[in-house]
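If you read the protein sequences in the order shown, they are chains P and F. Okay, so the first sequence: first residue is 1 according to our numbering, each after it adds one. Okay, so the second sequence: first residue is 113 according to our numbering, each after it adds one.
Just so you know, these hints were derived from the structure itself, not from any lab. Wrong hints could be hidden among the right ones.
[Unchecked claim] Derived DSS-like pairs: lysine-lysine, alpha-carbon spacing no greater than 30 Å straight-line: (1) P:K94 x P:K72; (2) P:K72 x F:K538; (3) F:K538 x P:K94; (4) P:K72 x P:K55.
[To be verified] Residues from chain F that keep clear of chain P, each with C-beta distances beyond 12 Å, as calculated: (5) D308; (6) D309; (7) E344; (8) P378; (9) R395; (10) D399; (11) A417; (12) V431; (13) S434; (14) P458; (15) D477; (16) P481; (17) L492; (18) Q507; (19) I523.
Source: prediction; values computed, not measured. Glycine included, each C-beta is placed from N, C-alpha and C at the ideal position.
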Amino acid sequence: MAEYILLVHTDETQMASAPGEAVSSPFQEFMERNADRLVTGAGLTGRDTATSVRKDSSGNVTVTDGVFVESKEVLGGYWVVDVADLDEAIALAKQVPVVGGGVEVRPVAMRS
Amino acid sequence: MDRAGTSAASTGPASTTAVAAAVADAHRREWAFVLAATVRITGDLDDAEEAVQDAYARALETWPERGIPANTGAWLTTAAKRRALDLLRHSDVSRRALPKLADVDERAAASGAPLTEDREEPVVSDDRLRLIFTCCHPALAFESRVALTLRMVCGLSTPEVARAFLVSEPTMAARITRAKHKIAQAGIPYRVPADDDIRERIEGVLDVVHLVYATGHTAPAGAELIRRELSERGIELAELLRLLLPDDPDVAGLLALIYLTEARRPARTDGEGAEVLLEHQDRASWDRRFIERGLDLLAVASDAAHPGRFTLLAAIGAVHDSSPTWEQTDWQRIARLYDTLRDVWPSPVVELNRAIALGFARGPDAAMPLLDQLALEPQLVRYPYVQAARADMLQRLGRAEDAALAYDEAISLSDNDRERARLQRKRDALGQRPADPASRFDG
Numbered sequence: 001m002a003e004y005i006l007l008v009h010t011d012e013t014q015m016a017s018a019p020g021e022a023v024s025s026p027f028q029e030f031m032e033r034n035a036d037r038l039v040t041g042a043g044l045t046g047r048d049t050a051t052s053v054r055k056d057s058s059g060n061v062t063v064t065d066g067v068f069v070e071s072k073e074v075l076g077g078y079w080v081v082d083v084a085d086l087d088e089a090i091a092l093a094k095q096v097p098v099v100g101g102g103v104e105v106r107p108v109a110m111r112s
Numbered sequence: 113m114d115r116a117g118t119s120a121a122s123t124g125p126a127s128t129t130a131v132a133a134a135v136a137d138a139h140r141r142e143w144a145f146v147l148a149a150t151v152r153i154t155g156d157l158d159d160a161e162e163a164v165q166d167a168y169a170r171a172l173e174t175w176p177e178r179g180i181p182a183n184t185g186a187w188l189t190t191a192a193k194r195r196a197l198d199l200l201r202h203s204d205v206s207r208r209a210l211p212k213l214a215d216v217d218e219r220a221a222a223s224g225a226p227l228t229e230d231r232e233e234p235v236v237s238d239d240r241l242r243l244i245f246t247c248c249h250p251a252l253a254f255e256s257r258v259a260l261t262l263r264m265v266c267g268l269s270t271p272e273v274a275r276a277f278l279v280s281e282p283t284m285a286a287r288i289t290r291a292k293h294k295i296a297q298a299g300i301p302y303r304v305p306a307d308d309d310i311r312e313r314i315e316g317v318l319d320v321v322h323l324v325y326a327t328g329h330t331a332p333a334g335a336e337l338i339r340r341e342l343s344e345r346g347i348e349l350a351e352l353l354r355l356l357l358p359d360d361p362d363v364a365g366l367l368a369l370i371y372l373t374e375a376r377r378p379a380r381t382d383g384e385g386a387e388v389l390l391e392h393q394d395r396a397s398w399d400r401r402f403i404e405r406g407l408d409l410l411a412v413a414s415d416a417a418h419p420g421r422f423t424l425l426a427a428i429g430a431v432h433d434s435s436p437t438w439e440q441t442d443w444q445r446i447a448r449l450y451d452t453l454r455d456v457w458p459s460p461v462v463e464l465n466r467a468i469a470l471g472f473a474r475g476p477d478a479a480m481p482l483l484d485q486l487a488l489e490p491q492l493v494r495y496p497y498v499q500a501a502r503a504d505m506l507q508r509l510g511r512a513e514d515a516a517l518a519y520d521e522a523i524s525l526s527d528n529d530r531e532r533a534r535l536q537r538k539r540d541a542l543g544q545r546p547a548d549p550a551s552r553f554d555g
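Isolated chain P (complex conformation) (with noise of 0.2 Å):
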């Protein structure tokens, strides 16, 4: 078995409930049907409360307001899946409820 991360980018624009509100059914469906594949998970707030902070080659931190990079998708959330093999996430990826969006698969190198 291996571990990949679901990043659940959504479009808020599109998004039926406030972000921050209770877990809308689709999504407790969905981990009530892979219970036994999810090992962790979040949501998160929405864009507007994000805060970005960089270092630069030097060591030099900024913190600004906003999201990490702009773009018209979002980090909504993330799932974190225990399944065999790659074809086994993305078909786990594909029953995630989002809208306006996607799910991008990454193979997780490490965990603490």
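Fit chain F to the supplied structure of chain P, relying on the hints for placement.
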């Protein structure tokens, strides 16, 4: 390993020429089989590739003395599996502990296996299918899928793959390495996909095989119109898929399309290698055997409830191949087939071909508005065939000046020398002076 090839069925000492020919033949016909079986030991494409290369080298060394085994594929498979086990033993412990794609029982079986041409265990034909599905996985970039398939399934060397796609060797080597790295790191499985995904995944494989054939059939760039080494690999891949997936109508459809297209190859170029369009081809030189095989397969493929893209393209090819002359072509039928095709596979290129078919079925007036609109389609702006089709229809309408402008544009967009020469000849035949670049903006 020193007793390699001691099999009773070997034919005895063989001349180096005979061995070289046998090894080349086995390379062509057995590479995918040997590699696919070896990946089950190594669990890694890279290691398997190395072991298989080594097995072929050993064949060249040992067959002159020991004789050419009756079943070269099985001999090479056993040799490659053994080499793979050697490699695993000498690799670091952490790697051995992680047989990502490997089958542990396979390793046990191979380690004790004598090196004969007998197949040690019934190697399921699935092995090659697994290899193909892994190389054509949608998580890989399309160009990497094509490159990996040629390298891993067809056994082309990296320089050969680079030449086939007119990129430098280091570029192609990097592309193949990146793809293999992703397969290993991202955990792309070495297996035939689950039923839920199989349709989609087969289509992905067919796209790769079609591209290999089509790139050979009409080289998009370079000095030659046809690149036999690629079109032949495309045919072999399609035949292999047909063998491995005998019940799939779309696979039958692709092979039908390839046969029906290949049938016309003898007539596609003149003595100087210049392209001869369908309209002017000598139909007597079309290859009847390919046409018959293509029509038989098309009949099988057409039984499907919803014929796929390649089956419909094959049906269009069959109309041409069955027509005794260009003038007798059933353009109404071709136009109808393009109507169905655009439902199955909406694309600007299909729209273009449909417009051309309508132009022949109902006259150039029916095609021109469609072609003018397609010329503005962003995806077709750099595609020489839109302007070539416009030029042809304008010429049929007697609008020589407009036709000349369209030919000029088509010539400037084409990267194939032969094709440019043909377009230039047609343009010259119009008798128009070279266009003043500004004139196209008049009125």
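We went through each hint and held it up to the structure:
| no. | hint | in the structure |
| --- | --- | --- |
| 1 | P:K94 x P:K72 | holds (20 Å) |
| 2 | P:K72 x F:K538 | violated (49 Å) |
| 3 | F:K538 x P:K94 | violated (52 Å) |
| 4 | P:K72 x P:K55 | holds (24 Å) |
| 5 | D308 | violated (7 Å) |
| 6 | D309 | violated (7 Å) |
| 7 | E344 | holds (32 Å) |
| 8 | P378 | holds (43 Å) |
| 9 | R395 | holds (47 Å) |
| 10 | D399 | holds (41 Å) |
| 11 | A417 | holds (25 Å) |
| 12 | V431 | holds (39 Å) |
| 13 | S434 | holds (42 Å) |
| 14 | P458 | holds (22 Å) |
| 15 | D477 | holds (44 Å) |
| 16 | P481 | holds (36 Å) |
| 17 | L492 | holds (27 Å) |
| 18 | Q507 | holds (47 Å) |
| 19 | I523 | holds (41 Å) |
Hint violations for this structure: numbers 2, 3, 5, 6, all remaining hints satisfied.
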